[in-house]
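Undergrad: Chains as they are written, first to last, in the working numbering: chain B, 1267 to 1485; chain U, 70 to 389; chain H, 246 to 796.
Hints in this document: simulated from the structure, not taken from any laboratory.
By construction, the Cβ of each residue, glycine as well, lies at the ideal position given by its N, Cα and C atoms.
Possibly wrong hints are sitting among the right ones.
Unchecked claim - Each computed EDC-like pair below joins lysine to aspartate or glutamate, with the alpha-carbon atoms no more than 16 Å apart:
no.	chain 1	residue 1	chain 2	residue 2
1	H	K530	H	D313
2	U	K176	U	D269
3	H	K445	H	E783
4	U	K120	H	E599
5	H	K530	U	E131
6	U	K295	U	E360
7	U	K120	H	D782
8	H	K435	B	D1285
9	U	K120	U	E136
10	H	K435	B	E1325
11	H	K435	B	E1282
12	U	K181	U	D210
13	U	K240	U	D255
14	U	K258	H	D782
15	U	K258	U	D331
16	U	K176	U	D192
17	U	K258	H	E671
18	U	K258	H	E311
19	U	K176	U	E131
20	U	K130	H	D782
21	H	K530	H	E320
22	U	K181	U	D192
23	U	K344	B	E1282
24	U	K240	U	D210
25	U	K344	U	D324
26	H	K777	H	D787
Said to hold, decoys possible - On the chain H side, residues computed to face chain U include the following (Cβ under 7 Å):
no.	residue
27	F574
28	L698
29	H705
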Amino acid sequence: MNGSTAELRARGLVAEQFDDAAQQHATAQFGIWVFLATEVLFFGVLFAGYAVCRVRDPEGFLLGSQHTEILFGAVEAAILLLSSATVTFAVNLIRFDERRVVAALLATTALLGIAFLVLHGVEYSHEHDEHLMVGVDFAQHGPHARGIELFFFLYYAMTLYHSLHVLVGVCVIGTMGVLVWRGRIRGEYTTPLVLAGLYWHLVDIVWIFLFPLMYLIGR
Amino acid sequence: MSSGGFWHLLPNASTNAKPLDELWWTMVGLCALVAIGVFVVMFVFCIRYRKGRPADRHLSKETLPVELTWTAVPFLIFMGVFVWSLTLYARSRTPPANAETIYVVAKQWMWKIQHPGGQREIDTLHVPTGVPIRLMMTSQDVIHSFFVPAFRVKQDVLPDRYTQLWFTAIKPGDYPLYCTQYCGLDHSKMGGQVIVMRPDAYARWLDENNTGTSLASQGAALFRTKGCSGCHGANASVHAPDLDGIYGRVVHLQDGSTVTADDRYIHDSIMLPDKQIVAGYAPIMPSFSGELTEGQVLAIIAYLKSTKPGAQPAHKGTKQ
Amino acid sequence: MNATAITPDLPELEPPRSFYTHKSGLGSWLLTTDHKRIAILYAITITLFFIMGGVAAAMMRINLVEPDGALLSAETYNKTFTFHGVVMVWFFLIPSIPATLGNFLLPIMIGARDLAFPRLNLMSWYLFVIGGCFTIACLLLGGVDTGWTFYTPFSTMFSNTNVILVAVGVFVTGFSTILTGLNFIVTTHKLRMPGMTWFKLPLFVWAMYAVSLVMVLATPVLAMTLSLIGLERIAHVGIFDPALGGDPLLFQHMFWFYSHPAVYIMILPAMGVVSEIIPCFARRKIFGYRFMVYALVGISVIGFLVWGHHMFVAGMSPTATLVFSILSFIIAVPSAIKVFNWTATLRRGRITFEAPMLYALGFVGLFMIGGMSGLMLAAPALDIPLHATYFVIAHFHYVMVGGTVMAYLGGIHYWWPKITGRLYSEAWARFAAILMFFGFNFTFFPQYVLGYLGMPRRYHAYPPQFQLLNVLSSAGASILALAYLIPVIYLGWSLFHGARAGNNPWGARGLEWQTPSPPPKQNFLERPVVQKVYAYDEPSPDGQPASGATA
Ligand code: HEA
Ligand code: HEA
Ligand code: CUA
Ligand SMILES: [Cu+2]
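Construct the entire structure; sequences and hints are all you get.
TA: Set out below in structure tokens:
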């Protein structure tokens, strides 16, 4: 191990503050878990806001939810689940130095992420046509207009923050794909890919919570 | 300067002040005791064990009992203080049943007061001694806070919500009133006076400022002019609930739940009618939130309270 | 340990191979990933921010000399206290000890070569500087008049100042805090040198660990809450404004869910510093080490559960009041343990009174007084009259300025020889510490009385009966300002003319004293020896004698 550590260090793959590659990997992985904890609290505020507002006007939230397009939501959920699967395969296969396969899997993941974003963009534009776009063009009437408005305010806040995460994820996964393709990430040094995978799973999990809260409750 | 020079700035002008001051001075004493104790011990150690002075410097191994002691003792003291404070707090939150209600509407940067008899004032509040007063407060814009140091009472005043506060003044005099929740430019000017009078002087003051219409009858007038009676009146053609005696009644809502019709509920029924729909009615009532000021809503509430047959506690101050 | 990193052939004058001389040029500083250099970058930045916040404080105190406001218009005054609060909290006090002393010392104290993620560390600093400069520019150019608490609906619908921009600035800075916390947690877990077990960690490291937990878990809540304020202002729809169907208390809950833990972000590092200084100058191991550890972690965990004590008169339900009150009392217990243990550490010691020790003793006294006033606020019945008066102002300046700033300065003096390699004038340092202690009490004790008498906070003008106490307070503030100025001068002088410090000028224990001052880039020239913690009763590896049992 030590010999290979020296060699990896010489190639810049083990930073000087670490004793060996194993320590570096464990440290990085621990770091991303702490980061994910931060992210959970970040989204936690939005979920808490959602809970409070929904308790204040349950009817409005149910009605608001009926304005969302469940087909889009479901397809998006499927896309993200699929992308989580592809990223998992990539993370597991890199150990065997399957460079092409892994790069292809990562490209697929990134493309799925892009597909998600595109679909969501389409969804937003539909909502715009239906005058649901809070702050831009919102015109709903009837007794629960206010509740619907709040629902859509939270819908945009939450889905936009989530989409931002997807966007970051696409960039990260794409970069990983390139690095794998170029052979910079290989069986002997997989840390960045593992971390990217964990991040992508978080993005996926957040959607798993958003999907029922946004699309399903009203039906 | 003598400390007496300061303390007269804070008279005990309500029944609330004395019990509160007792707790306060007890805590000040307790903290001073502990603080002085710690300082003395620190000082003694610093002298006895300063470098170069011969002393026994063996350390005992067993520290756990000491540690547990000074964990447990403060804990018990804290719990004692907590219970004491809580009893006072509970008292400050529950107005006596015979309290007179006065209505307060805050807005940037003034206090508008409405007495049940219809008297109105701005930035001053006249109250009698010896009578428990309950303030029903709401804000027209941002959060404010109603603070009378001499009474030791304070309560934030929120938009779209009623908060209350009560006191029994005991000493005639003028006492400063402050806004203590930061509310913008003239926050520091949003103050006034609470003028405490003997009951007879207070009665005279009420008479002198009588507008001829009590708050409830102002509300009754609004009820007609703003169109409420068009739907809620006895011979209206619209299917809307009868509001006579609504205050304090248990209302069944469309979603199956029940609520007691208190100030908050009536306020919301007028300003946000869609929030809670009465069972058996269509949600056709329009919102009056642009139409009525908070002060007018208070007048309507006073009117609706007065329609209750058989006086109810909170209704007492409302002279029909 | 890692021979390749030791750079040879340095000029004789400097202590060999210090991290300062490792590389030179401005670029080598601005792109450094060395935790020690980043610590120094932070130190410079927060000193500048502190001066700005201090100037705002001075303006307020001058204004309050006269009941009608001597200096500022109401509008400017409101912007000034917002500026003061925002800058002091987010751009000075929160990063103060962790980002400077913590950054410098944490890796050294655990025998590591750097933090786990050095580049992330540099990025934290950049985020901090960008967020800081941006926020301060907005605060100076347009100003914000909401107070540092941004209460809704005032901040969302009524204030017509740059709330959004400032929220963005604080948001960005929040990430710098989060990343620092993340780095510290991971470093403490994964990079301790062999033999450095959890219960051999100095309390300073424990404090950094505890505070990092709070940073990582609380700061995102602030970031998101502020961004919701921004969205609400942009979209005119939102969850906080009652006129829009929202709930203003929801904002207060979210804000204090962050900001109460944040006050422990400010105090825990100070506790860590003091727990290093007192054993060193009492020549004795800290009393009740394990209890001290449990207290630190306990405070950081329970700290998440007491936020509601800021809302006792806000219209919260009585049940919530009860719960938050009792939890606030409970969290005072670990603080009490700490105060008693520091005092007990003096017993049977061999005490000397160098400047860091004076600061540390000052800290214990002032923190105790400030904490006790916190207890009064935690009793709902007393909080009713005291809330939002100068009593609260006095409370938190006692814990933040009397507590944390004192401890920060104590820490700066204590580790100054290590960080710069030079000694400062002890006489001046003692004088400044004592002056600061008196100036501080002079400034803020009158505010307790003012608060009890009912003077509300955030008042640009006040009733004339409060003038005498206000003048006293302002007079004290000028002494305090002077006391802050003195260290700037003699420490600056020491940088260039101070005597060489040597590895261990205080005869202290702990790994940081086993390496040259200033340390080399790699922190250690040879592998340090891990002793048991605060081993003042045995000789140190660098030959300092044991502090014997008898005179
Ligand atoms: C460093 C920051 C810091 C620290 C450590 C604390 C510590 C504490 N604070 Fe403070 N607090 C603030 C910063 C801090 N606070 C700020 C900034 C505000 C105002 C924010 C704003 O509105 O702008 C505030 C406001 C504030 C309030 C709200 C006041 C109001 O607005 O109405 C309350 C109420 O409970 C409170 C309580 C406490 C308590 C119980 C502690 C406890 O942790 C203290 C524990 C310590 C001790 C108790 C001392 C040692 C103990 C002993 C020696 C034991 C023996 C004692 C006895 C037996 C009596 N604080
Ligand atoms: C976190 C740290 C922190 C620190 C260190 C301080 C330091 C000081 N604070 Fe501050 N303060 C807060 C945090 C802090 N404060 C917060 C959070 C608020 C609430 C804001 C709000 O309500 O929103 C507040 C509010 C506040 C108020 C209440 C304003 C109001 O409600 O109307 C006052 C009034 O006296 C005050 C005074 C001071 C003084 C005199 C100092 C002194 O200790 C400062 C002394 C330092 C200097 C003066 C600078 C150093 C000196 C020099 C560089 C020399 C040159 C200067 C001169 C010649 C003058 N502060
Ligand atoms: Cu109204 Cu402050
Ligand atoms: Cu708090």
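Undergrad: Now tell me, hint by hint, if it's right for this structure.
TA: Here is what the structure says about each hint:
no. : hint             : verdict
1   : H:K530 / H:D313  : 54 Å, violated
2   : U:K176 / U:D269  : 31 Å, violated
3   : H:K445 / H:E783  : 15 Å, holds
4   : U:K120 / H:E599  : 12 Å, holds
5   : H:K530 / U:E131  : 14 Å, holds
6   : U:K295 / U:E360  : 8 Å, holds
7   : U:K120 / H:D782  : 15 Å, holds
8   : H:K435 / B:D1285 : 11 Å, holds
9   : U:K120 / U:E136  : 26 Å, violated
10  : H:K435 / B:E1325 : 50 Å, violated
11  : H:K435 / B:E1282 : 14 Å, holds
12  : U:K181 / U:D210  : 13 Å, holds
13  : U:K240 / U:D255  : 30 Å, violated
14  : U:K258 / H:D782  : 62 Å, violated
15  : U:K258 / U:D331  : 33 Å, violated
16  : U:K176 / U:D192  : 11 Å, holds
17  : U:K258 / H:E671  : 49 Å, violated
18  : U:K258 / H:E311  : 15 Å, holds
19  : U:K176 / U:E131  : 63 Å, violated
20  : U:K130 / H:D782  : 13 Å, holds
21  : H:K530 / H:E320  : 53 Å, violated
22  : U:K181 / U:D192  : 6 Å, holds
23  : U:K344 / B:E1282 : 62 Å, violated
24  : U:K240 / U:D210  : 33 Å, violated
25  : U:K344 / U:D324  : 11 Å, holds
26  : H:K777 / H:D787  : 15 Å, holds
27  : F574             : 4 Å, holds
28  : L698             : 5 Å, holds
29  : H705             : 5 Å, holds
Violation of the numbered hints given earlier is confined to hints 1, 2, 9, 10, 13, 14, 15, 17, 19, 21, 23, 24; the remaining hints are satisfied by the structure.
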